[in-house]
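Mapping the sequence shown onto the UniProt record's numbering, position 143 (from 1) lands on 143, and the numbers just tick up by one.
Don't take each hint at face value.
Using C-beta positions, here's what the derived DEER-type ranges look like [stated by the list, open to error]: (1) F97 to V26: 17 to 23 Å; (2) N31 to I83: 30 to 36 Å; (3) D130 to L20: 29 to 35 Å; (4) K87 to G63: 39 to 45 Å.
Hints are computed from structural coordinates only; laboratory data are not their basis. Quantities reported herein were computed from a predicted structural model and do not represent experimental measurements. Backbone N, C-alpha and C fix where the C-beta goes; we use that ideal spot for every residue, glycine too.
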Amino acid sequence: MPTGDVVRFRDADLASPVRLRAIERVIGSGNLTTLNANALAERLLGDSVYANIMMLGFAWQQGLVPVSLEALTRAIELNGVAIERNKQAFAWGRLAFVDPDFLPKAEDTAAKEQETLDQVITRRTDFLRDYQNAAYASRYRAAVDRVRHAEAALGGDRNEGAPPPPQAGEAN
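Work the whole structure out from these sequences, hints included.
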């Protein structure tokens, strides 16, 4: 349940046991289903940006969204942003409700290998291209290249062994 903590503390624990118990007291024991959508979206689709559409699929599969599958699919297509990834996120959300044991556990997300800086830059460039277009991705890449050249000119060069900068949602 998002609260003001989300605004003040970007790493706020949305699944805190206290919040979950409070919700369960109101809606009744056994009526609460949860999904660590941020971790699953990161693990399955490479970015937590897909968590919301994954939760939509999770809710839709439970019959909580009074819109047809066809209408939701068409809305994703009409939005025109990362269409296939959003369809995948919706499908993963549905599967998360039907067969949660099929999905990787949230703790498995911490086990992924550390990416190199070049891998992070490539992944983010690809994401921006899929999210908007090639020109947007090129602007990002050009800005990153300018920073890397400036850093090298100052005598500091990030080598492949150095950890990449944190992603959104990670502690600095």
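A quick look at each hint next to the structure:
In this structure, F97 and V26 meet the distance hint of 17 to 23 Å, their C-beta atoms being roughly 21 Å apart. Taking 30 to 36 Å as the suggested C-beta distance range, the pair N31 and I83 conforms, at roughly 33 Å. In this structure the supplied range 29 to 35 Å holds for D130 paired with L20, their Cβ-Cβ distance being about 34 Å. Against the hinted window of 39 to 45 Å, the Cβ-Cβ separation of K87 and G63 comes to about 20 Å, which falls outside the hint.
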